[in-house]
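Asker: Here is how the chains run, residue by residue.
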Amino acid sequence: MSFLSPLAFLLLALSVPLLLLYFLKVRRRERIVSSLLLWDPSLRDREASAFFQRLQRDPLLLLQLLALLALTVAVARPVVTITGQGAQRTVVILDPSASMRATDVSPSRFVAAQREALALVNRLPSGAEVMVIEAGMQPRVLVPFSRDRERITSAVKAVNGRDLPDRLSEAIRTARALTAQDPGAEIHVFTDGAHAPSPGDGSDDPRLQWVGVGRRGRNVGITNLAVRKAFFGAFGYEAFASVVNFSEEPQSFTFTLDLEEQQIAEQSLTLAPHVRRSVVLPFSHSGAGVVRARLHLTDDLSSDNVAYAVIPPPGQMQVLLVSPGNLFLEKALKADPQVTLEVRTPESYQGGMEAFDVVVLDSVSPARIGAGRYVLINTTPPDVPLENLGRLEQPVIMDWDRSHPIMRHVDFSKVIVEEGLRVRPLAAGKTLVEGVGGPLIYVVEEPRRKAVFFGFDLFKTDFPLRVAFPVMLSNGLRWLHPAGLDLTTFQLQAGQPILLPVEHGITSARVTTPSGRSVDAQVTRGLASFTETGQVGVYTVVTARGETRVAVNLMNAEESDITPRPLPTRKGARPSEAQAVPLQRELWGVFVLLAAALLVIEGLLYWRRQTAGRLTLPHGTGDRWALGLRCALVILLLGALLRPVVPRWVDRLNVMFLLDMSDSVSLAARENAYRFAVQALTGMQEGDQAGLIVFGQEAVLDQPLNPKPKLERPRTRVPGRGTNLAQAIQLALATLPAGHANRLVLLTDGRQNAGNALAVAQAAKDAGADIQYVPTPLTFLQEVVVESMLLPQEVKFGEPFDAKVVAWSQQETQGRLSLFRNGEFLGSQVVRLSPGKNVFTYRQSLEQRGIHVYQAAIEVEGDTIEENNRAVGTVVVRGRPQVLLAEKDRSHAQALGAALRTQHIDVEVVDPERIPKDMAGLQKYDGLILSNVSSLKLTKKQMEYIRDYVRDHGGGLIMLGGEESFGLGGYYRTPIEEALPVTMEVKQRIEIPSLAVVLSIDRSGSMAMSTDEKVTKLDIAKEAGHLVVDLLDERNEVGVMSWDTEFVWDVPMQTARNRSSIHHSVATIKAGGGTDGYPALKEAYRALFDRQALLKHVIFLSDGQMTRGDFAGLIRRMAKDKITVSSVAIGKDADVQLMFDIAKWGRGRFYYTEDTQTIPRIFTLETQLASKASLIEQPFRPIVSSSSHEVLQDIDWKNSPPLGGYVATTLKGTAEQLLMTHQEDPLLATWRYGLGRTAAFTSDAKAKWGVLWLRWGAFNKFWGQLTRWTLRTGSRSDTVATVERRDGFGEITVDAVDARGEFINFLEAEVGVVAPDKQRSVVELEQVAPGRYRGRFPAPEEGVYLVGLAQRRAERMVGSQLAGLVVPYAQEFRDLGVDETLLREVAELTGGGAAAEPKDAFLQARRHSRLSVELWPWLVGCVAVMLLPEIALRRIGPGFFTRLRGLGAAWGTSSAQGGRTHGA
Amino acid sequence: MGRKGRGCWLPAWLGVLLLSAALLTAAEVPASTTAWSLLVLPFQPLELEREEQWLGEGVAHLLSLALVNHPAFILVDPLRVRRLGQPEAWGEEVILRTARSIRADLAFYGDVKRVSGDLIVVPRYMEFKGGNAQPRALPPLTVPEGKIPQRLTGLPLAYIRALNLPVTDAEVTRIEKAAMSTKSLRAFEAFVKGRGAALLGTQAGHEAAADLLGKAVELDATFVAAQYSLGLAHLSLGNRWKAAAQFRASTQLDPTFPEPYKALGDLFLAAPRRLFDQAVEAYQKALELRPFYADAYVGLGDARAAKSDVDGAISSYQKALLYNPGNPKVHMSLGKIYFAEKGLYYEAVGSYKKAIELDPQFLEARMGLGEVYEDKGLYEDAIREYRKVVELEPQHTGALYNLALVYERVDPREAIAQWERYIQIAVLLPAEKDWVDVARQHLRKLKTQVERDR
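Chains A and B supply the protein sequences, listed in that same order. With the first letter of the first sequence counted as 1, position 1243 gets the number 1243 in the numbering used here; the numbers rise by one all the way through. With the first letter of the second sequence counted as 1, position 370 gets the number 370 in the numbering used here; the numbers rise by one all the way through.
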């Protein structure tokens, strides 16, 4: 036996005072007696006797000394060395997943697993070391290898079952990594086997042993609950839930849906075994709420019988737009239903956020903007960390970040920027769009400021004309300001961390869990994070600005299927018995127990002595105190046996170096990194520990934590075809002791291509570890990487597009770049590569529908890695675009139709009457061309549909000129004018000529008949009269005549000055009598003939039912005298033909109306027409005003033939004028309206004005290019599919919303996948939300996966798509150089940063480790010390010190008396 | 192998089928080269009594009535011949000149004389090719007294045979039926004289025609051609109802006679009540009876144009041109529609010019052309056209009115003169009453203007 703390024997010195106490005479006990008379000599004798006495043999003293000895020995920590058997290492992995809470095994599978684990621990020989790992969301090492059975047992007992999905593979991988060098180790996994084996979980490892606990799988679970807001209606929602019966027998139960504890739906369901049933339940609700779906049945697993969804409060975002005027921005911002926009001019904005949530600065640069959330467009305010270095001319877009939330659904492949700002970011942030010469779109993330920076003027790019613009703006606003989060953020799977963006200025948040526990959440960089979401239910995150609820559900079909599957049996031979090891066993507990026993016995004896064996309290106060103290000491001793601990903060740091050994890090860089780690050790301080993990595709613990490491060169080899930073951090966290000051030093290039380092960094932050990073720069001599082959996702038949090859080069060099299409060699060229990114653009067009695969390969001399010299991309070619061409006279549309057909555009030529009257009809086409179609041929509703078709559905619209187009077609102030890039107003070049109008109104009996609107025809005519009067000003003359068989001048010709009296006269016209319009018209002719006005016009309103006359002759002659006649046929029974002819002969307009609504359009048009200001019939040559526009490309405009005329219009503020006329009026104007594009061509494309153009060589090309430019880019299908690669899988998502905005549910979605090796497979898409379907397929191989999707409902094809998923060559070879952004983000999240100097790893920002100090030695020592006063109390009593003083005094007195006595 | 063989044959079969279809389609279209523009001239009465002089014209009318039923002949409108002037005698030189001016391909003429009481008809014809013509004669036809016109019915077929033209039995029947429309010589005489009077084109001529044709109908109520011609006479006199009644009567007498249907179509088309649909129906009936009836196509085109069915109209006109490429009316109508409905200036001018080229005395075409020029501001050209009209017909009020209007633009003084001339002529015509008022307004205004300028 030996002693670990021999100094403790000093405690034995306490035996001396103890003995001394026994030399003292025992104090006398006070007794009340009747008289002391007889005792006096005796008392005197006592007082005179000595204070001390001779040591008497007292058994109590012996017991006390023995106890003191036992205590001293215990504190000296005696140990014996024994030979331990079976010195093996065992890892116990406990699966706390949701299925383990199944109750098929009493009380639950998890408890049974715990028992099994404990039994195993107990069975293990004494020499075995055990590690306990909990397979939670992140594997957690509860106990590192230890022989301390108690600790192991208590750790196993401390684990609780949770509602998590299965994560065993992660835990197994960690266990294997931690036992990598020990082939004799055993890994015992305690699980129910209710999980699908995942690749790479090491099931072939012979060290793995599985212990199963499940018996059966009787369970029905909710595998999906999703609530989506319907696209229509303010309060419309749809809830989608999937329920699966995983049992072997049918199950009947009730399904209920509650909203805020109120039941809103109930359904009785009976599910056959292994059947999935989905239900869609629409409901209405305003405001926030929690939706709960419940299954009312008793099965083996209850966690999945309930699921929650949260409806967030309807938030509005207050956005301020500061701009000198930008309709693009205004419209895009206003289009967002959650945005409340205020627009200000630059002069009225001085910086700051004011009360707005987001401020958008468009080409405005205030002196200072301060903290807040901003969208900066073409501006770099001085206090924003972006250095303005000048301008970039036509920067080519090289690449864009597809993973950033702002860039969701945003495609930059076709965007052209004419001019941009050259900026250099000076602070943390991320480049979203990278152009040649610098970032074009960048996000700034500072502690107190977030900003999205657009480095170009929106008027100098076609970006605002693309669908991506409003989408990106909307994403950006949501990223900046979390108020308008979509529903998915509020619904998580158990185990997923709550990462809730919080408003600016919020620094703390508190989370209330479903069980009612309240925990502080961490707030970092605008995110409140909380990771303990292992319990299903609703979590409430409370901040100073309010509370947000987040639903956490199991919703995992694999986890709900609790049927135990056969577990793998041990493979290979059982490892040989481990050898014996010497083990030290501490004996202090025995001595403490002995001491306690001795103290108890001694105390009892003393007690008995004092009470003479009676069970009463001792009489003396001192004895009572002593007894109490003894009890306390015994309790203290017994407490010490429980090994209480107290925390202690010590300056001690554990540093784990994570060395990146992936292929992207060169050998030289690895060597540098290793040396860095070695040098860092020089900064170690007392108590510090260091270890080394190497990682590539996987992570392995190379050298465990050691207080005095030497850090040898890593011996472990890891596969280098990937960089799994997350796994390395995870392993380090598992290795580092909990509670200590732990630090991870990443020696990496940060180019992760597996795992999510940020998510694990969050776990590191929760575990209190910080991360430092040391970038390992590229050290290749030369390297060229073909980073990507950028292609648009989809192009139209024959549409030209750019295939861009992005190549990165380390140094200036040249190489041969080859391009292949569908495996066919297209050509190659020698290219010069500059250091950095290079873009090579090749113009392509495809005339074969389907999916096309492009491949680019580059050969460069001296290149280091060959694998990264090629890139693949796909492009889908849609069928020919469909265009509807409506022309007043179909024969005139032949030339344009034929031209478009030669340009691979399918054209359907129709009369204006056949323009679709509903949205579904329009949706069939990609674009609509209106050629000389009057607005009067369209109903107001039809025009609204056309406008919405462009704005909301991305359709194209072109209006061509003609005598019935634009203003002349009555489009002034119509929905179509809204959509067009020009207004119908005409620039006032000249004074509008004076106008004399006669309104000739039929007041015959037939006009007294009412139309459907319950108004008479005469009422409509009178309404028209009022409008005409209102439209004229005092320069004009007006006369109103009404007629039956005879005419009457209700208002004789006069200037339109006294309008009220004219109105009155018109109002008093009454119907009755026969009809003869001829004399009235002749009279109007006569009256107008003598007028001085330059323009003379008759508006003839009638139902046409009248006596005939030679109208043709009369009106033609009127026309010769420049008196025009327009006619308005009123009512359904009108003689439309006659009225039409009257207008035709009179060179006016014919209108037909049945209602009063059309009247205003008629008369606004009439005034325009009458003034004739719009129609300009003079030959002119087009003048190009925007030569770079793609519509005008490759056309020799200098030799374009002249046009014969056009309709004058005015360009809208944000529209672009591509061609103009000799009078500087727009000839061709374009713009983007909502999601679509529109163009106005004010001349025509037929043998009238454009007769010479028809024979022009570029005619077809021009119209092809213009039409293509306007065509809708998206598909017309009701469904939109996206295919993305995620974690080695291709993930297909299909969103199905019909034209009315309703979700399409229960679609049969078929997906066929052709892998690069031509293997075909079929993927099932599962509905996961209202109108949303999802499926996955494994995509491990490099190459292109062709995905064909088709969606049907009731045998009707709803949509079909083609897509290609490109799996590039090993990402490891693609991303070279250092991704410092990621490293910085990971480090900053945990409070770390870059380690500049090796010593910084230990010296920078040191923290104290929290150590646990065992209290028992102190407690035992304390008992030993306290024994002394206790005995003193007994022997001297409570007045110990008084008595001591008294003792001194008595001593003096007795000495004096002694002297006297002797003297006597 | 069999499958493969079938696969190869299929395209070949398709090709053959398509080729056959194309050939069949082509066969349906009559070759325009086989249609002749036929000038039927009055036969020269030789040594006939004054009362019998009409017989020469009678033979010509009979031929016209019959030959119109053969698709190979496009009869030249006798009005056009009449406008060229009435020669003293239709000698071969005159015929050649006339044929050239009206672009005829063929002329039928001959002599009529009495020999021993019998009427001897010597039919001749002349075919014009490249400016030359060789007169040919058919065997003389002897018609005994009292057998006129019955015995003349063989004459049209004799011409057809002489020209070696194919003729079907149905055509033979139709031709013979048309040639023998009456058995009454007196009725036939009245008919011939009536048609002759109508060709004068004057009010008196029309009135005389109405009388004579009425007499013919009286003499032979079943004389369909007379009934129809009477309708035309009434129409010329402005008696629409009477005209319509005559046309209807003729259709009832002979439902296979297409001309009255066409005439009814014209009547409906011009009716103030704008009976376009009825007009279309009538024209279509006429075309049903005679599918190569070019004038009916013109009418159908006009009716469709009036209904604003511009494409339909153009298609009808093109059909008309197919059967009668030299019809100036079609070109005129096309010009009108190109300009008024389509706004196609060049096409309109081209069509009008073509019409004028085909018939230089076609006043309506000149008026149309003038109006196009006037509209486009080409006042000099307009004046030229209007003047030409006035030259050809000095009383043409429309041309005078337009001329005055155009002069207002270029020469107010001349305009005053033109207005005065117009008023002078128009004031006598009731139909021009309204326009005289307008003309006076113009005159007043012009005079004021000239005074002011002075």
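There's no promise every hint is true.
Beta-carbon label-pair distances, calculated as ranges [what the hints assert, rightly or not]: (1) B:D211 to A:K1122: 45 to 55 Å; (2) B:E92 to A:Q1178: 52 to 62 Å; (3) B:P272 to A:P1179: 35 to 45 Å; (4) A:K1122 to B:Q203: 29 to 39 Å; (5) A:Q1223 to B:G350: 25 to 35 Å; (6) B:W241 to A:Q1178: 50 to 60 Å.
Rather than coming from a laboratory, the hints here were simulated on the basis of the structure. Keep in mind the model is a prediction, meaning the values are calculated, not measured. Cβ coordinates follow ideal geometry from the N, Cα and C atoms, glycine included.
Asker: Flag every earlier hint the structure violates by its number, smallest first.
Answerer: Structure breaks no hint.
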